[in-house]
Amino acid sequence: IKKHKRFGCDHIGIGYAPLDSKENFSAFYEKAYPAALKIKENGMQLMYHNHNFEFENYCGDEYIMDVLCREFAPEELGVTLDVYWAKFAGRDPSEEILKIGKRISCAHLKDLVENEDGTKRFGYVGEGVLDFDKIIECLEAVGTKYAFVEQDDCYGADPFECLKKSYDYLKSKGYDI
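The sequence shown runs 33 to 209 under this note's numbering.
Just so you know, these hints were derived from the structure itself, not from any lab.
Some hints could be false.
[Stated by the list, open to error] What follows is a set of in silico ranges between Cβ atoms, one per label pair, in the way DEER data are often shown:
1. GLU103 - GLU148: 40 to 50 Å
2. LYS35 - GLY188: 18 to 28 Å
3. ASP93 - PRO50: 38 to 48 Å
4. ASN147 - ALA67: 37 to 47 Å
5. ALA59 - GLY206: 37 to 47 Å
6. ASN74 - ALA189: 34 to 44 Å
7. PRO50 - TYR199: 15 to 25 Å
8. ASP184 - TYR207: 42 to 52 Å
9. ASN147 - GLU193: 16 to 26 Å
10. TYR48 - LYS134: 18 to 28 Å
[As the list claims (entries may be wrong)] Straight-line C-alpha distance at most 16 Å; calculated EDC-like pairs for lysine to aspartate or glutamate:
11. LYS205 - ASP184
12. LYS203 - GLU159
13. LYS197 - GLU182
We treat Cβ as the ideally placed atom computed from N, Cα and C, and that holds for glycine.
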């Protein structure tokens, strides 16, 4: 909390947690809930960054993301929605944005490229199959404050060139970056 306050950052993020079983979720909750309350008391918010498995069945027909949103109040746990991973899991990122709603004060934008052999890879924004016009419209509708371009792997390409391509794409769409 002190370090985040020093930098003027009011979000404290969790990038991954093993939530693949009820036991693991319970262990996570026992540690994260008190931390979330303390972070909230300090005028900040604990954030959870998703990957694909949070949109997979947890038990029965319930998704881990649904359980997170049910067990934590919005002011206790926000979601840094990664649109790539939502799509990778077979979900529509725009629908997930509207479902998760105002919890999404931060989002990660990267594209999903579908290779001819059926595999998927990371892409710069505008390179793949994601509908960023709709995604950004939904992020704006739920009041998302920050949308960060993120590309986990550039596959040998210059990362700054990939970032420039994302920037140029978003700028061409009229977004004031």
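Hints and how they fare:
With their beta carbons about 41 Å apart, GLU103 and GLU148 fall inside the hinted range of 40 to 50 Å. One distance hint, 18 to 28 Å for the beta-carbon pair LYS35 and GLY188, is violated here, with the actual separation near 34 Å. Between ASP93 and PRO50, the C-beta spacing of about 21 Å breaks the proposed range 38 to 48 Å. Remark: the range hint 37 to 47 Å for ASN147 to ALA67 is upheld by a beta-carbon distance near 40 Å.
ALA59 and GLY206 have their C-beta atoms about 45 Å apart, which keeps the hinted 37 to 47 Å range intact. Our hint of 34 to 44 Å for ASN74 and ALA189 holds, since their Cβ atoms are close to 40 Å apart. Remark: the range hint 15 to 25 Å for PRO50 to TYR199 is contradicted by a beta-carbon distance near 34 Å. The beta-carbon spacing between ASP184 and TYR207, approximately 22 Å, falls outside the hinted interval of 42 to 52 Å.
Separation of ASN147 from GLU193 is about 20 Å and conforms to the stated range, judged on CB atoms against 16 to 26 Å. At roughly 23 Å, the beta-carbon separation of TYR48 and LYS134 lies within the given 18 to 28 Å, and the hint holds. Only pairs whose Cα atoms come within 16 Å are accepted, and LYS205 paired with ASP184 is rejected, the gap being roughly 23 Å. Under the criterion of a C-alpha separation no larger than 16 Å, the hint pairing LYS203 with GLU159 is consistent with the structure, at around 14 Å.
As the CA atoms of LYS197 and GLU182 are separated by approximately 12 Å, the hinted pair is consistent with the 16 Å bound.
The earlier numbered hints that this structure contradicts are 2, 3, 7, 8 and 11.
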